[in-house]
Structures are given as structure tokens and as C-alpha cells.
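**Q** Please take these sequences and the hints and turn them into a complete structure.
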Amino acid sequence: MDFVLFFLTAAIALAGAIAMLVARNAIHSALFLLLNFGAIAVLFLLLQSPFLFTIQLSIYAGAIMVLFLFVVMLLGAEQVEAAQDKLPWQQPLALVMGAGLLVIAVITAVRGGSNDAPPGGEAAEAFGDPASLGELLFTEYLLPFQITGIILLVAVIGVVVLNQQRTQAQSEETPGERPSSSVQP
Amino acid sequence: MDSIQIPPIDFRLIAPLLVVTTWAMVLLLVDVFAIPANRKKLTGYLAIAGLVVAGLVAIPLWDVSGSTFSNMVVLDRYSLILTWIFLIIGALTITMALDYLPRHGIEQGEFYPLIMFAVAGMILMAQGTDLIVLFLGVELLSITLYILTGFAYPRLTSEEAAMKYLVLGAFAAGFFIYGIALTYGAVGTTNLALIAERLADPAAETNQLLLLAGASLILITFAFKVALVPFHMWTPDVYEGSPTPVAAFMSVGTKGASFAALLRILVTALPALEPFWLPVLGMLAALTMIIGNLGALSQTNVKRMLAYSSVGHAGYILLSIMVVSERGAQAFLFYTLAYTLTNLGAFAVVIALEQRSNATWSLDDFTGLYKRQPLLALAMAVFMFSLAGVPPTAGFMAKFYVFTTAYEGGLGWLVLIGVLTSALAVFFYLRVVIRMFMHEPQGELEPTLDRGLSADIAIAGGLTLLFGIVPAPIIFLVERSLVAAGG
Amino acid sequence: MNWLGLLIIIIQSFVIALAVTTAFAYLTLFERRLLARFQNRVGPNRAGPNGFLQPVADAVKLFFKEDIVPSAADKAVYLLAPAIAVIPAIIIWAVIPFGCLNIDWNYQACFAESSSGVNNILQIADINVGVLYLLAITSIGVYGITLAGWASNNKYSMMGGIRSTAQLISYELALGTAVLAVVMTFSTLSTHELVYHQGVLWGIVPQFLAFVIFMIASTAEVVRAPFDLVEAEQELVGGYNTEYGSMKFALFFMTEYIKLIAVSAMAVTFFFGGWRFPGLEMLGAGMEELAGPVVASIAVGLASLGSFLLKLVGFLFLSVWIRASWPRIRYDRLMDLGWKWLLPLGLINLAATAVAFVLIESFVLASFMLLAFSLLSLAIAAGINRVPKPIDNVTYVSDVRSRAETGQ
Chain F
1 MDFVLFFLTA
11 AIALAGAIAM
21 LVARNAIHSA
31 LFLLLNFGAI
41 AVLFLLLQSP
51 FLFTIQLSIY
61 AGAIMVLFLF
71 VVMLLGAEQV
81 EAAQDKLPWQ
91 QPLALVMGAG
101 LLVIAVITAV
111 RGGSNDAPPG
121 GEAAEAFGDP
131 ASLGELLFTE
141 YLLPFQITGI
151 ILLVAVIGVV
161 VLNQQRTQAQ
171 SEETPGERPS
181 SSVQP
Chain G
1 MDSIQIPPID
11 FRLIAPLLVV
21 TTWAMVLLLV
31 DVFAIPANRK
41 KLTGYLAIAG
51 LVVAGLVAIP
61 LWDVSGSTFS
71 NMVVLDRYSL
81 ILTWIFLIIG
91 ALTITMALDY
101 LPRHGIEQGE
111 FYPLIMFAVA
121 GMILMAQGTD
131 LIVLFLGVEL
141 LSITLYILTG
151 FAYPRLTSEE
161 AAMKYLVLGA
171 FAAGFFIYGI
181 ALTYGAVGTT
191 NLALIAERLA
201 DPAAETNQLL
211 LLAGASLILI
221 TFAFKVALVP
231 FHMWTPDVYE
241 GSPTPVAAFM
251 SVGTKGASFA
261 ALLRILVTAL
271 PALEPFWLPV
281 LGMLAALTMI
291 IGNLGALSQT
301 NVKRMLAYSS
311 VGHAGYILLS
321 IMVVSERGAQ
331 AFLFYTLAYT
341 LTNLGAFAVV
351 IALEQRSNAT
361 WSLDDFTGLY
371 KRQPLLALAM
381 AVFMFSLAGV
391 PPTAGFMAKF
401 YVFTTAYEGG
411 LGWLVLIGVL
421 TSALAVFFYL
431 RVVIRMFMHE
441 PQGELEPTLD
451 RGLSADIAIA
461 GGLTLLFGIV
471 PAPIIFLVER
481 SLVAAGG
Chain V
1 MNWLGLLIII
11 IQSFVIALAV
21 TTAFAYLTLF
31 ERRLLARFQN
41 RVGPNRAGPN
51 GFLQPVADAV
61 KLFFKEDIVP
71 SAADKAVYLL
81 APAIAVIPAI
91 IIWAVIPFGC
101 LNIDWNYQAC
111 FAESSSGVNN
121 ILQIADINVG
131 VLYLLAITSI
141 GVYGITLAGW
151 ASNNKYSMMG
161 GIRSTAQLIS
171 YELALGTAVL
181 AVVMTFSTLS
191 THELVYHQGV
201 LWGIVPQFLA
211 FVIFMIASTA
221 EVVRAPFDLV
231 EAEQELVGGY
241 NTEYGSMKFA
251 LFFMTEYIKL
261 IAVSAMAVTF
271 FFGGWRFPGL
281 EMLGAGMEEL
291 AGPVVASIAV
301 GLASLGSFLL
311 KLVGFLFLSV
321 WIRASWPRIR
331 YDRLMDLGWK
341 WLLPLGLINL
351 AATAVAFVLI
361 ESFVLASFML
371 LAFSLLSLAI
381 AAGINRVPKP
391 IDNVTYVSDV
401 RSRAETGQ
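One line per chain: the protein sequences are F, G and V, in this order. Numbered per the UniProt record's numbering, the first sequence spans residues 1 to 185. Numbered per the UniProt record's numbering, the second sequence spans residues 1 to 487. Numbered per the UniProt record's numbering, the third sequence spans residues 1 to 408.
Take the hints with a grain of salt, since some may be wrong.
Partial list, computed: chain F residues near chain V (C-beta under 7 Å) [to be verified]:
hint, residue
1, Ser-58
2, Tyr-60
3, Gly-62
4, Ile-107
Simulated from the structure, these hints should not be mistaken for laboratory data. Model, not experiment: these values are computed from the prediction. Even glycine gets a Cβ: it sits at the ideal position worked out from N, Cα and C.
**A** Encoded structure:
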């Protein structure tokens with residue numbers, strides 16, 4: 001039954017990914033990507049990893065795609081503008097190279113002997129368990145964990161910096177215009 | 001519930017990194033709450049102080065070596081020297097920016113902590129011995145640079161540069177993480193030393209195909225970051241669009257750090273794959289040297305010219321990387337140091353000539369510079385000579401070092417290409433010099449030399465000459481550095 | 001997996017899906033009657049005794065309405081949106097423990113820490129990431145509303161959709177911090193174990209601050225009054241569901257109420273001991289002595305189910321009460337509250353929780369310390385956030401007059 005489920009989910013994931021590329025409407029693309037994320041989440045579940053399943057759902061489906069939709073809707077950028085394609089040879093070339101990459105990937109997967117045991121040894125008993133995952137994060141992967149925090153901090157700073165109105169430019173154009181957000185005493 | 005046992009951590013080994021990151025975080029707060037808006041230069045000075053402190057903290061570590069954080073980072077003299085180089089890069093960039101930012105109306109206090117974060121990322125790349133840490137170092141550096149390239153954002157070119165760099169950089173990050181995943185699938189570890197161990201172990205069955213795919217993806221990432229030729233398209237646009245100090249920072253910082261990480265990966269993890277990556281990198285190096293220098297030939301925009309020249313220099317550095325020996329690493333360190341000083345100096349001169357509004361960075365700006373600012377023109381001449389590799393400058397010594405090393409390492413044909421393209425490069429570097437000295441000045445263009453820039457140019461020019469005339473001490477230092485190093 | 005187990009799960013899912021839809025129907029009646037009482041009206045009392053058949057009448061009415069698809073709408077997404085909305089609202093129930101009825105007739109298994117041998121028929125799935133599952137499903141609940149707003153191709157709907165997206169993203173973080181604090185307190189992510197650990201003290205004692213944050217954030221998550229800007233009738237006609245009619249509208253309506261029940265059930269599970277009540281274990285022991293293990297576990301099951309439902313009704317009553325009492329909050333205030341108050345408070349609470357449980361050995365002592373801390377920080381927050389009363393800057397005619405009279 002796992003086998004059937006796997007192929008079904010994988011097919012849905014693939015179909016979602018392809019449809020996302022083909023769709024002309026950005027919202028439809030986003031929805032197909034969502035389908036793809038959902039299918040991937042189910043694949044994690046089939047790999048006995050409920051933790052990754054929920055994380056995939058809440059981070060990718062619940063946060064990232066919502067922001068995508070939000071931005072697309074705010075900008076009203078659903079329709080791809082029919083701009084003049086400046087590089088008409090690019091698309092066929094990309095298709096050919098993509099096909100080549102696919103062939104290589106398939107060869108790698110087939111020749112690589114997918115039935116070999118993984119080189120790191122069998123998965124531990126508590127593999128994918130949130131507790132053991134947390135323990136790993138705080139012991140072996142402590143440094144990467146902390147650095148990730150710093151990277152996020154930098155990203156936040158970036159958002160703030162790049163969205164700040166330049167004080168000079170602002171004072172020239174609209175002096176002190178700010179929406180009054182609180183009740184003035 | 002058992003409590004988690006955190007393994008012992010030797011904080012000494014990452015002391016410079018700790019100093020830089022904590023200082024940057026504290027500086028962010030200080031900048032927001034304590035420094036008034038019209039005195040943001042103070043933030044810059046504090047940032048420089050932080051970098052200096054980190055450099056001083058690193059001095060007692062000269063005789064220390066070891067790894068910590070479950071072998072994720074290592075401290076050896078190789079990484080220590082690189083750390084110092086990166087700290088110098090950061091400090092010089094900040095001095096360049098001190099007056100540049102207010103002059104262009106883009107001064108925001110966050111600029112300086114961001115440079116510090118970028119330096120932290122670079123140090124991490126020099127110290128990392130695990131693919132995950134290297135990836136995070138690359139990302140920390142790149143994300144900071146995405147922000148910094150867009151720092152002049154009401155200017156369209158700056159936005160364009162940030163957008164291009166972000167999109168391509170995101171792809172590169174995807175390649176890197178995919179490469180790491182495939183490598184992990186092949187050998188079951190992300191630790192560089194363990195990868196080499198697994199590869200050397202005949203009993204362990206490793207999936208060669210997967211490993212090759214993973215290694216190529218990782219190579220592609222670094223090729224993108226240092227702008228090797230098929231992956232160099234973004235360089236001129238991004239350098240042109242970003243604020244000039246940031247371009248200067250990128251041209252030396254990203255390159256140095258990425259090459260440092262690449263060297264460590266090649267030496268520590270993948271010596272077994274040498275038959276695979278040697279010809280690939282050889283091709284890339286040849287292409288990079290040729291196309292980088294050819295591209296620079298036709299430029300009339302100084303920033304674009306320097307961008308293409310940095311592409312060309314990436315090819316030369318790659319030569320030293322490919323000789324996976326101690327001498328190769330030494331040549332790499334020396335070249336990086338020389339190139340860093342020279343290129344930062346050249347960019348500083350460009351900043352001095354950059355006017356606020358209609359900055360076109362045209363070569364014409366340099367016409368007759370000698371008549372107006374003889375010292376500035378002399379300094380620029382030194383930088384151009386050094387970039388071209390004319391004695392008695394650091395650039396010459398560095399190129400000489402790299403070429404002899406590569407020749408001894410059996411890369412004769414690449415050395416030939418290198419020498420030929422260097423000769424080609426002399427043409428466009430000298431073009432600038434000729435314009436400065438031989439022509440009469442035309443038009444109104446007063447270079448703006450502030451204290452920071454002057455200091456910058458003086459330091460860079462002086463050291464470039466010094467290393468060119470008496471290279472012995474620095475070569476001695478570099479050679480000593482690798483006695484204890486694994487690389 | 002054996003087929004019997006699969007069959008049981010299918011039956012459980014079926015029963016729960018039916019139960020929550022029925023609950024929705026009667027919740028509407030409950031709400032309307034209560035609202036009427038709060039507003040000094042009578043409320044619907046004609047269909048059946050005490051208006052008992054009112055939901056049926058509503059359903060019939062909705063069924064027979066004309067089903068329209070606006071011509072400018074994006075057909076596929078328009079039709080899909082109600083389904084996308086209603087699915088998360090129903091699957092969220094999978095990990096909520098309604099009670100504890102052990103089908104191996106061993107009631108003591110309910111009171112054991114390990115959730116492996118429980119075999120609880122009143123909970124569909126006890127997974128080791130149950131709490132995260134709840135959060136994940138809550139987070140994808142926004143899609144239905146957003147897509148409905150977009151697909152209708154109507155600016156009011158669109159505004160509603162965008163508002164909902166912004167609101168849900170903002171409050172999800174606060175909700176997450178509140179739930180995380182509970183998880184830290186009981187150091188488990190399994191809902192069964194959460195309930196087990198609340199045998200000593202209910203979650204509301206150590207996590208009072210988290211409870212307050214959870215109540216506010218979850219009300220915003222299910223876009224109930226006073227956070228119902230998404231469908232603010234006065235400004236947006238009906239918000240995202242303006243263009244929906246007939247059963248498609250009914251699906252949205254249903255989603256909202258089922259989500260409300262679901263977050264109330266979550267609140268009961270996290271903060272009010274789930275199906276537990278003092279003396280439940282004694283009841284089990286007593287019944288076993290009197291009538292054997294089968295009766296004992298059935299009695300425990302029924303009693304726990306009853307206790308859970310009672311608490312649930314309490315929360316629903318509270319929600320209706322809030323709706324009747326509070327006016328709708330202004331949009332910028334909504335954002336302020338979410339980002340500047342709830343999220344920082346939640347983070348402070350996380351830190352305090354961690355410190356308290358590491359420093360203080362005894363769980364009960366630490367809990368009461370945290371309770372004190374919660375009350376203190378809430379008082380401080382309320383103090384800082386005190387909005388000056390409008391009376392401060394109003395000049396009354398009477399004042400002027402009295403001033404004139406005294407000749408000042």
C-alpha cells in the first residue's frame with residue numbers, strides 16, 4: 001500500500017511542479033506549487049517523518065506560499081505581460097539542456113543502485129522524532145543553528161533598511177508625513 | 001526526560017568570529033538608540049574599532065590550532081591569515097564608505113554592521129570544515145551583499161544590481177544545497193575530513209556518480225561566487241550598479257572567501273577526485289583569464305573595466321588553487337593579499353573621482369589627472385601597475401609567485417595562457433595611466449578626497465609598493481603559516 | 001496495517017465529521033439565541049420547540065437558493081475555494097482528544113504517561129507531533145478565504161481576502177509562541193501527553209499569559225468579532241464571501257464556525273486539562289471495583305467526554321459573549337496589537353517559562369511563580385498601553401457654562 005501511495009503522491013507532486021511552470025496565471029502557479037508542497041509533505045509522512053510533514057506544511061504551505069499569494073494579489077500581477085522575448089533562442093535551448101539534465105539524473109538514479117544501504121548506516125530508532133532532532137540541533141549542529149539565527153537577523157535588517165524611507169529624500173518631498181496610528185492625547 | 005548534554009566548546013577557536021558578530025549586533029542597537037542621525041560616521045568608526053579588536057584578539061591564536069563545535073570549524077594558520085585579510089578588507093571598505101555614503105545621500109547607520117556581518121560570513125568560510133557551515137557562511141555573506149548592493153536603492157542601477165545578484169545568487173545557493181545533499185547521499189557525511197576518509201576507504205562503497213554530481217554542483221556555486229567565466233555575466237552589471245565601496249568589497253571579499261572555502265574543500269575533502277576536477281577547473285581558469293581580460297579591453301567605464309579585470313584575476317587565483325599543495329596555498333594567500341590591497345586602492349581612487357549626480361565612471365574622468373592631483377594620479381598608477389603585474393609592485397610578486405607555483409605543479413599550458421593574458425591586460429591598465437599622465441585635463445571635475453579615502457589610498461598604495469619591493473617578510477609569514485596548517 | 005484498524009479509523013473520521021457539522025448547525029442557533037439575550041431580544045424561537053429546528057430551516061433555505069458563478073470570476077479557483085476552506089477546518093480534529101475510552105477495557109492506560117498503549121477510541125490519531133499538526137493546519141486555513149477573495153474578481157472580496165491574509169499571518173506568530181510555551185511547560189508535542197501532564201495542574205496556571213495570548217490570537221485566527229475585519233459588513237459588503245451564494249456560502253459559514261469550535265477545543269486541551277477533571281481516576285477505580293473493567297473504562301470514557309464537551313461549551317459561550325460585548329477593532333490597532341503587544345509578550349513568556357522550569361525544581365512552585373509573573377507582566381502591559389480616555393480632551397458645555405458663571 002505504501003508503494004501505491006508513494007507513486008500516487010510522487011505523480012501529484014510532479015504534475016503540480018510541471019503545471020506550475022506552464023500556468024500563465026501567477027495565482028494558478030502558486031496554487032500548483034502549493035499542491036506540490038502538499039504532495040511532498042505526504043512523501044515525508046511516508047518516510048515515517050511526521051515532524052517534517054508538519055514543518056513542511058506550516059513553513060512552506062502555511063507561511064511562504066501565503067506571502068507569495070499576498071504579494072501577487074497586492075501587486076495585481078496575476079497575468080504575465082506578453083512582453084517581447086528578447087532572447088528567442090533561450091527557451092528551446094533551456095528545454096534541450098533541461099532534457100539533458102533529466103537524462104543524466106535518471107542515469108544517476110538507475111546506475112547508482114538505489115537499493116544500496118545508505119552510507120551513513122541505518123537510520124536510528126528515533127529518527128525524525130522532534131525530541132532527537134532538537135537534541136541534534138543543540139549539540140552536534142549547534143554552530144550552524146546559531147549562524148542560521150544570525151542570517152535571519154541580517155535578513156530582517158535588510159528588510160528594514162531597504163524599506164526605510166530615506167530621511168533626506170523624505171524631508172525634501174513630504175515633510176513629516178506619517179499616518180497617525182494612535183489616538184493623540 | 002534526559003537533559004541535553006552540550007559537548008564542550010572551545011570558544012577561543014572562533015574568537016575573531018565571536019567578536020565580529022557580537023560587536024555587529026551590539027553596534028546595531030547602539031546605532032539605533034545612541035547615535036543621532038547626523039553623526040552616523042561614529043557608527044563607522046565603532047565598526048572599524050570592532051574589526052581592529054577582532055584582529056588583535058586573533059594574535060594570541062597564532063600558536064593555537066584545533067577544531068571545535070563537533071569538528072565544524074577549525075582554526076589553523078591558514079584560516080588565521082585569511083581572517084586578518086578579511087578584517088583588513090572590512091576596515092578599508094568602511095573607511096572608503098565613511099564619506100561616500102553621506103555624499104550620495106544614502107547614509108544609514110546599518111551599513112557598517114552589515115559589512116561586519118559580511119566579514120563574519122567570510123571568516124566562517126575560511127574556518128568551516130563542514131559543508132553545512134560553509135553553506136551558511138556563503139549565505140551570510142551573500143544575503144548581506146544583496147542588501148548592500150541595493151543600498152543606493154532609489155537609484156535604478158542599484159536596484160537592478162541587487163535584483164540580478166539576488167536572483168542569480170539564490171540559484172547558486174540552490175545549486176550548493178543540492179550539491180551538499182547529493183554528496184551526503186554518496187558518502188553519508190558533510191564533514192570534509194570524513195568525506196576524504198570515506199573516499200579513501202576501499203571497503204566503503206561510495207556512489208561515484210552521485211558524488212560527481214554533488215561535487216560539480218558545489219564547484220558551480222563557487223564558480224558563480226568568484227565569477228569564473230561561464231558564470232561571470234552578473235559581475236559587470238552588479239559592480240556597476242552597487243555603491244562603489246560595496247563593489248570594492250565584493251570584488252575582493254567574496255572572491256577571497258569563496259576561494260578559501262574552495263581550496264579547503266578540494267584539499268581536505270576531494271583529493272581523491274582530482275582527475276575529475278583538475279581538467280574542469282583548468283578549462284574554467286583558461287576561459288576566465290582569456291575572456292575576463294578580453295572583456296576589460298573594450299570597456300570605457302572604469303567600474304566595468306575593474307569588474308572584468310576582477311574576473312581575469314579570479315582566473316589567476318584559480319591557478320594557485322589548482323596546485324593542491326602547500327606552495328599552492330601560499331601562493332593563494334599571497335596573491336589574495338596583494339590583489340586585495342591593490343583592488344581596494346583602485347576602487348578608492350574611483351570613489352574619489354565619483355561625482356554625486358552624473359556618475360558615469362568614464363575613463364575620460366581620468367584624463368589629465370596628474371595635472372590636477374599628482375599624488376592621486378601616482379597612486380592610481382601604482383594600482384594599475386600592480387593589477388597589470390608590472391614590477392616593482394605587489395601584483396608582480398604575486399603573479400610571479402602564482403605562475404612559478406603553477407608551473408612547478410605541472411600546469412604549464414595554463415601558465416602560458418596566464419602570461420599571455422597578463423601581457424594583454426597591460427594594455428588596458430596602461431591606457432588609464434597614459435590618460436592620466438599624457439593628456440591635458442578637460443572639463444570640470446574636482447576629485448573629492450576626504451580623510452578616509454586618503455588614508456585608504458595611502459595604506460593600500462604604500463603596502464602595494466612595500467610588498468613589491470620587499471616581499472620577503474610577508475612571504476616568510478605566509479610560508480610559516482602553513483607549517484601547522486592542514487591546507 | 002490491518003483492515004479492522006483502518007475500518008475503525010474510517011468510522012471515527014466519519015462520526016467526527018458529522019458531529020462537528022451538527023455542532024456547527026446548533027452553534028449558530030446557540031449564538032443567535034444568546035446574542036438575542038445579550039441584546040434584550042427574543043431570538044429565533046419559532047421553528048420547533050425553542051427554535052430547535054431553526055438550523056434545519058436555514059439549511060433548507062440555503063439549499064434552494066440560486067447557485068451563481070460570477071461571469072468575471074476565475075471559475076476553477078472560485079469553485080475550489082470553499083472546499084479548500086472547509087477541509088482544514090475538518091481535518092484539524094484528527095489529533096484532538098475528546099475523551100479517553102480505552103477499547104482494551106483498561107481505563108488505567110488513560111492515566112499513563114506513555115501514549116503508546118492507550119488505544120483511545122475518542123481520539124483519531126495520537127501522533128508525536130500533534131501540537132505542531134494543529135498549528136500547521138491552522139496556518140493553511142487562510143487559503144480558502146484568500147482565494148475566495150481573489151477569485152471573485154470583486155474589489156470588496158479582494159479587500160477581504162487581503163485583510164485576512166495579513167491578519168492571519170500576523171496572529172499566527174503570537175499563537176505559535178503561546179502554544180510553544182505550553183509545549184515547553186509539559187515538554188511534549190503529543191496532545192494525549194499534554195492532557196496527561198495536566199493531571200497535576202491545568203495548563204492555565206503556569207501559562208496564564210500564554211492563555212490570554214492564545215485566546216486573543218485564536219479569536220483573530222478564526223476572524224471572529226472583534227477581529228472580523230475580513231467581513232466587515234459596513235465597509236466591505238460581506239468581505240471575501242460577497243460573491244458566494246447558496247451552499248458555497250454555507251460552506252464558508254460552516255468553516256468559520258467549525259474553526260471556532262476547533263480553536264476552543266484546542267484551548268481546552270492546552271489550558272483546561274482536556275478531558276480531565278479532578279476525581280476522574282477515582283471514578284474509574286470505583287467503577288472497576290463495583291462493576292468490572294469494561295464498565296469502568298466506559299464510565300471513564302463517557303465522563304471524560306462529558307467534561308470535555310462542558311468545557312468546550314463554556315468557551316463557545318465566552319466567544320459569543322465577547323462578540324456581543326466588543327466593537328470591531330480598527331485595522332491599524334489590530335496590527336499594533338498583534339506585532340507590538342502579543343508577539344513580544346509571547347516571547348517574554350517563552351523566556352520566563354524556560355528560566356522558571358530550569359531554576360525551580362518543583363513543578364507546582366514554578367507554575368505559581370509563572371502565574372505571578374504572567375499577572376504582573378499583563379498588568380504592566382495594560383498599564384503602558386492605557387489609552388487616554390476621550391474625556392480628557394473634551395470640553396463640556398456645562399464646564400464652560402460653570403466657568404462663565406464663576407466669572408473665570
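**Q** Are the hints correct? Go through all of them and say.
**A** Hints, verified against the model:
Proximity of Ser-58/F to chain V holds as hinted, the smallest CB-CB distance being about 4 Å (cut-off 7 Å). With its C-beta approaching chain V no nearer than about 10 Å, Tyr-60/F sits outside the 7 Å limit, and its interface hint is violated. Taking 7 Å as the C-beta contact cut-off toward chain V, the hint placing Gly-62/F at the interface holds, the least distance being around 3 Å. Hint status for Ile-107/F relative to chain V: violated, with the closest Cβ pair at about 36 Å, above 7 Å.
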